[in-house]
Amino acid sequence: MPRAAREVSVASSKKANILIRKGRVIDPANGRDEVADLLIENGRLVRIGASLDAPGADIVDAEGHWVLPGLVDACVHLSLPGSGRSGDIASETRAAAAGGITHLVAQPDCGPVDSTAVVRLIREQAGQAGFARIMPIAAMTQGLAGDQLAEMATLAKAGCIAVGNAGRKVASALVLKRSLEYASTFDLPVMFRPQDSALSAGGCAHEGAVATRLGLPGIPAVAESVDLSRDLLLVEATGVRAHFQQISSADSLRLLRAAKRRGLPVTADVSIQHLLLDESALEGFNSHCHVIPPLRSAADREALLEAVADGTIDAICSQHTPIGSSSKAAPFPATKPGMAGLDTLLGLVLQLVDDGKLALPRALDAVTAAPARCLGILAGQLETGRPASLCVLDASAEKDYAEHWLSAGNNSPWRRAVLKGNVKLTVCQGKVSWLTD
Amino acid sequence: MTLAPSSRVQLTDDGKLRHFLTTEHLPRSLLEDILDTAASFVDVGGRSIKKVPLLRGKTVVNLFFESSTRTRSTFELAAQRLSADVLNLDIAKSATSKGETLLDTLRNLEAMAADMFVVRHQDSGAPFFIANEVTPDVAVINAGDGRHAHPTQAMLDMYTIRHYKGGFEGLKVAIVGDILHSRVARSQVHALNILGAEEVRLIGPKTLLPVDAQGLGATVFTDMGQGLKDVDVVIMLRLQKERMDSALLPSESEFFRLYGLNNEKLQLAKPDAIVMHPGPINRGVEIASEVADGPRSVILNQVTFGIAVRMAVMSMAISGQESSAQGRTGGERGQ
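Here the protein sequences come in this chain order: A and B. Counted the way our numbering counts, the first sequence spans residues 1 to 437. Counted the way our numbering counts, the second sequence spans residues 1 to 335.
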């Protein structure tokens with residue numbers, strides 16, 4: 001088995017000097033897919049080419065492996081004290097690193113992120129752990145309560161890359177319009193998670209055949225598209241850059257396609273579980289499949305896959321939400337919604353490729369360059385001259401998650417799955433964040 | 001949390017009942033077994049000593065997370081007639097209000113060596129959670145979970161239909177009213193289809209019909225007149241008063257005018273059609289007194305049969321649990 005050189009070690013503060021040899025380098029942003037060497041010097045990616053030589057660098061033999069840009073996960077729910085989630089920033093970013101993820105876009109619902117103190121805390125904890133870069137979204141309204149503006153400009157200056165209300169209700173169209181106007185003053189992208197609160201109240205499953213049989217209170221698909229259509233009209237009126245998260249229904253895709261055709265500055269993502277599962281996963285009241293937005297019909301799932309393929313949906317995210325087992329050990333409607341997803345994001349994306357649902361370049365683009373483009377961040381591609389963020393993947397090796405699960409949240413239907421794809425090495429911002437043989 | 005098809009968890013490896021959670025996907029022979037066993041218990045209520053010793057020495061715990069005096073009483077009576085010891089726990093008012101989780105409550109009860117839990121819960125799937133994840137060796141009887149299932153009510157309705165109609169072949173059955181929130185309706189549709197009824201009709205306004213109601217195995221009508229035409233059995237469902245507050249209906253009087261059963265509408269059904277209702281009835285809301293107290297009404301007989309059907313299900317589930325426990329110890333001896 002190809003091994004990393006002994007000198008390569010994890011999470012040292014040392015900037016890496018590594019020569020990665022003979023890997024299949026796939027960089028969707030630059031249209032690259034070829035066998036090449038990569039040289040990282042003092043943490044920077046300096047060259048990609050054939051037969052590079054670097055005396056003194058650690059050698060990683062990547063023959064037969066893939067070398068990819070570090071993954072960018074556009075939606076993660078952080079574990080901060082008081083958030084009610086399992087683990088902490090160190091445990092969850094380590095799970096990310098093991099899954100080849102180098103950049104995490106964090107939802108503002110851990111805290112909430114409406115003060116510079118919270119932003120600083122997140123950045124400090126992530127920096128100390130050293131496993132991944134966290135890019136926080138700022139709360140758009142104070143306390144995410146939806147009625148007064150948060151200090152968006154101050155929060156952006158402290159390091160937030162966008163603003164959003166984490167799916168919480170905004171009091172009125174007036175407050176929403178003013179929030180968008182204020183955000184666009186500073187060219188801050190706004191993250192939307194469309195779901196009408198009245199139409200979804202009390203629901204825990206897609207309003208469809210399965211919820212009808214199981215007697216679960218439903219959330220209709222129209223709860224999403226009603227909200228989305230109002231959001232799109234306000235985006236058009238204010239000219240703000242908008243990113244729509246966790247799109248789940250075919251109707252929403254129709255609206256997004258039309259908006260993109262009209263040239264609105266709009267992008268979108270979908271969570272990986274909505275591409276692999278549908279409402280039938282709820283049979284037997286499987287609380288691991290209790291997520292919001294709910295898993296929808298098989299037809300919705302097919303439409304979402306097509307939308308990723310044709311670019312209507314730009315990015316695939318994990319929507320990582322680690323939850324303690326006691327919050328899932330209850331009758332289905334009483335369980336907390338959410339799924340832990342950092343461990344398996346890359347493995348499940350590769351499964352979609354294996355299943356013939358997505359072409360490899362588009363699938364990898366959707367977890368690397370595309371989310372970075374959506375949010376205007378420098379990440380997700382192999383660019384020379386910049387701090388290296390990449391991973392080396394044994395794409396054919398099987399990984400048994402029963403043995404190798406790192407998130408503190410065990411709430412995933414894939415918790416004991418065996419999936420293809422094992423990350424051997426992750427480099428984040430020029431430092432080794434994951435290494436295994 | 002682990003995926004378990006609803007039918008499998010209810011049955012032992014050799015197909016005997018060990019929990020009774022839903023009528024969906026159960027084999028026809030098993031439902032017929034329940035009805036036949038119930039028939040043998042109907043006479044017990046008429047004896048001077050109303051007890052049989054089938055559950056002697058067993059402990060049945062009535063776990064009612066949602067209060068219901070009527071259903072709990074019939075289960076209690078059924079358990080007593082089988083000679084079981086009965087413990088009634090009104091959980092809504094006790095343990096969970098002190099912060100104890102459902103899981104902790106159940107583990108405590110299991111430690112008291114309970115043999116059967118009769119569970120009513122406001123959340124759909126709660127009895128599945130208990131049978132799958134918590135106490136698989138304690139027989140779990142679903143006494144109503146959320147909007148999902150109420151299988152013993154459905155089986156006493158099947159008993160009533162068979163008693164008056166002789167069987168299910170060729171029968172057209174209409175279920176009328178608040179289908180959306182009704183666990184009774186869901187369990188009835190499954191049972192009727194399994195037992196071979198010709199057609200099950202669901203009748204109500206669109207606000208009270210679930211999405212894809214026909215997917216349950218029924219024909220859907222919004223017009224009561226069309227829906228009742230030539231049916232053999234009319235089952236009326238109780239309308240909860242709070243439906244008016246959540247903008248599902250404008251008023252009781254408009255509902256009664258359109259979907260309430262009176263003698264005039266009953267004329268559309270077959271001349272020998274019977275009228276049923278799971279109770280308690282709202283006179284003048286879903287059913288007129290002239291029908292509820294009339295010659296076609298079998299509503300009170302349903303209650304009598306209910307005890308026998310619950311005795312049948314309880315004795316079958318205990319015997320299923322015992323045979324699977326014997327199977328396990330037998331297996332150990334074999335090694």
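In short, the hints are calculated from the structure, not lab data. A couple of the hints might just be wrong.
[What the hints assert, rightly or not] Have a look at the derived ranges for each label pair, beta carbon to beta carbon:
{"id": "1", "chain 1": "A", "residue 1": "306", "chain 2": "B", "residue 2": "241", "range": "42 to 48 Å"}
{"id": "2", "chain 1": "A", "residue 1": "32", "chain 2": "B", "residue 2": "219", "range": "33 to 39 Å"}
{"id": "3", "chain 1": "A", "residue 1": "302", "chain 2": "B", "residue 2": "37", "range": "33 to 39 Å"}
{"id": "4", "chain 1": "B", "residue 1": "301", "chain 2": "A", "residue 2": "283", "range": "35 to 41 Å"}
{"id": "5", "chain 1": "A", "residue 1": "154", "chain 2": "B", "residue 2": "217", "range": "58 to 64 Å"}
{"id": "6", "chain 1": "B", "residue 1": "301", "chain 2": "A", "residue 2": "197", "range": "55 to 61 Å"}
[Unchecked claim] Some chain A residues well away from chain B (every beta-carbon gap over 10 Å; in silico):
{"id": "7", "residue": "22"}
{"id": "8", "residue": "215"}
{"id": "9", "residue": "334"}
{"id": "10", "residue": "396"}
Predicted, not measured: the structure shown is a model, and the values here were computed from it. Heads up, the beta-carbon is just placed ideally off N, CA and C, and yes, glycines get one too.
Evaluation of the provided hints:
Checked against the hint of 42 to 48 Å, the pair residue 306 of chain A and residue 241 of chain B passes, with Cβ atoms roughly 46 Å apart. Distance hint check: the CB atoms of residue 32 of chain A and residue 219 of chain B are about 59 Å apart, inconsistent with the given range 33 to 39 Å. Residue 302 of chain A and residue 37 of chain B have their C-beta atoms about 47 Å apart, which leaves the hinted 33 to 39 Å range violated. At roughly 36 Å, the beta-carbon separation of residue 301 of chain B and residue 283 of chain A lies within the given 35 to 41 Å, and the hint holds.
A C-beta distance of roughly 59 Å is found between residue 154 of chain A and residue 217 of chain B, which places it inside the suggested range of 58 to 64 Å. The hinted range of 55 to 61 Å is not satisfied by residue 301 of chain B and residue 197 of chain A, whose Cβ atoms lie roughly 47 Å apart. Interface exclusion of residue 22 of chain A from chain B stands, the closest Cβ pair being 43 Å apart, more than 10 Å. Listed as outside the interface, residue 215 of chain A is inconsistent with that label: its C-beta sits roughly 3 Å from the nearest C-beta of chain B, within the 10 Å cut-off.
Distance to chain B contradicts residue 334 of chain A as a non-interface residue, since its nearest Cβ pair spans about 5 Å, not more than 10 Å. Separation of residue 396 of chain A from chain B is adequate, the least Cβ-Cβ distance of about 28 Å exceeding the 10 Å criterion.
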